[in-house]
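J.: The primary structure of each chain is shown beneath.
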Amino acid sequence: MSRSYQLLKYLCLLGWSAFVVFPFLWALSTSFKDANSVTGGARYLPWVEFEPTTLGWRSLFASGSQGINIVTPFLNSATVTLLASIISLALGTLAAYGLSRYKFRAGFVKNSDITFFFISQRIMPPIVLAIPFFLMLKEISALDTIWGLVIVYIALLLPIAVWVMIDFFDSIPRELDEMAMIDGCTPIGAFFRVILPNSLAGLVVAGMFCLIFGWNDFFFAFTLTFTETQLLPVAIVSLNSSVTPWWSLSAFALISVTPLALIAVVVERFMSRGSLAGAFR
Amino acid sequence: MKIKHFFLLPALLTLLAIIVFPLVFTVRVSFSSWDVYQAGLDYIGGRNYLRVFQDSRFWQSLLRLSALSALTVTAQYVLGFVLALAVWKEMRGGRIFRVLFLVPMMTTPVVMSVIWRTVFHESLGPANDLLSYVGIGPVPWLSSAAGAFVSVALVEIWQWTPFMFLLLLAGLVSLPREPFLAAAIDGAGPWRTFWQVTFPLMAPISIGALVIRLIEASKIMDTVYVMTSGGPGTATETASYYIYIRGLRDFQVGYSAALSLTYLVLMIAALTIIAKLLARLLIGKEG
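Line by line, the protein sequences give chains U and H. Going by the working numbering, 84 is the number at position 88 of the first sequence; the sequence numbering is gapless. To convert a position in the second sequence, counted from 1, into the working numbering, add 87.
Calculated directly from the structure, the hints in this document are not laboratory data. As the structure is a computational prediction, the values presented were derived from the model and not from experiment. Beta carbons: idealized from backbone N, C-alpha and C, even for Gly. Check the hints yourself; a few may be wrong.
With a straight-line Cα cutoff of 30 Å, these simulated DSS-like cross-link-like pairs (lysine-lysine) come out [as the list claims (entries may be wrong)]:
| hint | chain 1 | residue 1 | chain 2 | residue 2 |
| --- | --- | --- | --- | --- |
| 1 | U | Lys106 | H | Lys89 |
| 2 | U | Lys106 | H | Lys363 |
| 3 | H | Lys89 | U | Lys99 |
| 4 | H | Lys176 | U | Lys5 |
| 5 | U | Lys99 | H | Lys363 |
| 6 | H | Lys176 | U | Lys106 |
| 7 | U | Lys99 | H | Lys91 |
Now the stretches of chain H that chain U is said to cover, found in silico as 3 or more residues with beta-carbon under 8 Å [to be verified]:
| hint | segment |
| --- | --- |
| 8 | 91 to 104 |
| 9 | 139 to 152 |
| 10 | 197 to 206 |
| 11 | 284 to 291 |
| 12 | 313 to 325 |
| 13 | 343 to 350 |
Just need the whole structure built from these sequences, with the hints factored in.
T.: Written as structure tokens, this is what we have:
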């Protein structure tokens, strides 16, 4: 490739990188400001343009009226997301394998219809389900509890797990199953002993998508919980609506987006090996 | 019970158990004038649907949603494709760029919207500050109709271009090598190779990526809620947000159920048509 092409390419890459990184840097800088440094106009560099303070960060863990409790919402979010992801992944993987390897028929319903039923749940706007979910959880006294949210999040994440895993299992040759069964495995044994251990790439992708969509959901967390089981996104929005303490807000935002941002490293590793491809078709 | 049922039934029954009540309930409520302060359902036939038909604010919110999705998804696709092509082949610093480009998608939309709102703050935010150095502005980012629309669109593009990038790069990595060798032997330059080899080979995954993103974009709500609350006026009010206001702020549950179902049916119809059109456009006649 010519030199000017290379130059243009790196300019594009750097330009987009700046756009990606900018809000994070802005939040980082803002998280060390105090009220005066915020109201003085846009300032970026600590020590040069403003005197940094750890006020924002300390307020997240301080108790009392000045404190913003971040630990409880963080643990709530982690518990709900992990539980719902694990259950969805377990159920979804089994179903995807069943749909990939066996023919189902009940009346006019075929495999493709069952698959479509799972995937079509993603088309459903959350708003359609919010009020009925509210009433349903109220009926079983699960409103504002971890379990209530886990139930709702399973409905949200299970379709993702099924969708990714079906495509993945379709890309694994059937000979692998047959060989295991010739070696004396039962069909269920073949799945657990041979297919599952070979499905790490698919499981990682499906698991990551479950974690992303679970951790990042705002709407259900917002409508189905109040005070007992507040999740991170809801906690930050309630902080946002009061008198806006930009410094705490920024520190809070950075803490809440860090765990999943780290996942990007794992995704990249799988992608460059080409092992994501099977999970995406 | 056959073995195959051991695999399918747990997931199917779980999802049915969670989803059937809400759906049946929504359909029933959509034919009633129920609101949360009342005790029971008061059936009023199809009156809610008649009202939906005459509700110009709802149709405008749908139109706005279509414009916003068309704009953002197209931008995401083009940018995602360009970025994926740029880091496709081995290169210096490739890993760092790839990781970096994925990060926005992993961050919570509502949390990043909070940050972006401070970025677009008209007197204290960096957006106008940086523009002032090149002599532009101040731009009324969140207080004007056009500015708010652009702000929301920019944040959506920032957040979801990585998703396109991820899918398209996964597709590029898994392409067969032979067609590229053949093109090289024929002496095709990079531009011709892209249009005659890469792009056609990527058509199926492009359609998949576009449809998935359109589905997700049709639900846009978090960003709007945090950044503009649908305002100024109704300038950034999307369909989901309007239904939310009717149902959970005005507590017109029956009417919001009718709105939801109308919206759902229109969405499914529109997405089916778009998927067909895309297939014809990108793959050719057989789609």
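J.: Would you mind confirming whether the straight-line C-alpha gap from Lys106 of chain U to Lys89 of chain H stays at or under 30 Å?
T.: Answer holds: Lys106 of chain U to Lys89 of chain H is near 17 Å, not above 30 Å.
J.: Checking C-beta pairs, does the segment 139 to 152 of chain H have three or more residues closer than 8 Å to chain U?
T.: Our answer is that it is violated, as 0 residues pass the Cβ test (under 8 Å) against chain U, missing three.
J.: Under a C-beta cut-off of less than 8 Å, do 3 or more residues of the segment 197 to 206 of chain H approach chain U closely enough to confirm the stated coverage?
T.: holds (count 9)
J.: Mind taking a look at whether chain U covers the segment 313 to 325 of chain H? Criterion is 3 or more residues with CB to CB distance under 8 Å.
T.: Result for this restraint: violated, n = 1.
J.: Regarding the pair Lys99 of chain U and Lys91 of chain H, is the alpha-carbon distance no greater than 30 Å?
T.: Answer holds: Lys99 of chain U to Lys91 of chain H is near 8 Å, not above 30 Å.
J.: With a cut-off of 8 Å between beta carbons, are at least three residues of the segment 91 to 104 of chain H near chain U?
T.: Holds, because 10 residues of the segment 91 to 104 of chain H bring their Cβ atoms closer than 8 Å to Cβ atoms of chain U.
J.: Taking a Cβ-Cβ distance under 8 Å as contact, does the segment 284 to 291 of chain H have three or more residues in contact with chain U?
T.: Answer violated; 1 residues pass the 8 Å Cβ test.
J.: Does the structure keep Lys176 of chain H and Lys5 of chain U at a Cα separation of 30 Å or less?
T.: Since the Cα atoms of Lys176 of chain H and Lys5 of chain U sit roughly 12 Å apart, the hinted pair holds (cutoff 30 Å).
J.: Verify the proposed pairing of Lys89 of chain H with Lys99 of chain U, using a straight-line Cα cut of 30 Å.
T.: 12 Å, holds
J.: Are there three or more residues in the segment 343 to 350 of chain H whose C-beta lies closer than 8 Å to some C-beta of chain U?
T.: Satisfied; 5 residues make the cut.
J.: Please verify whether Lys176 of chain H and Lys106 of chain U have alpha carbons no more than 30 Å apart.
T.: Violated, at about 42 Å.
J.: Check the hint pairing Lys106 of chain U with Lys363 of chain H against an upper bound of 30 Å on the C-alpha distance.
T.: Cα-Cα ~22 Å, so holds.
Of the numbered hints given earlier, the model fails hints 6, 9, 11 and 12; all others are met.
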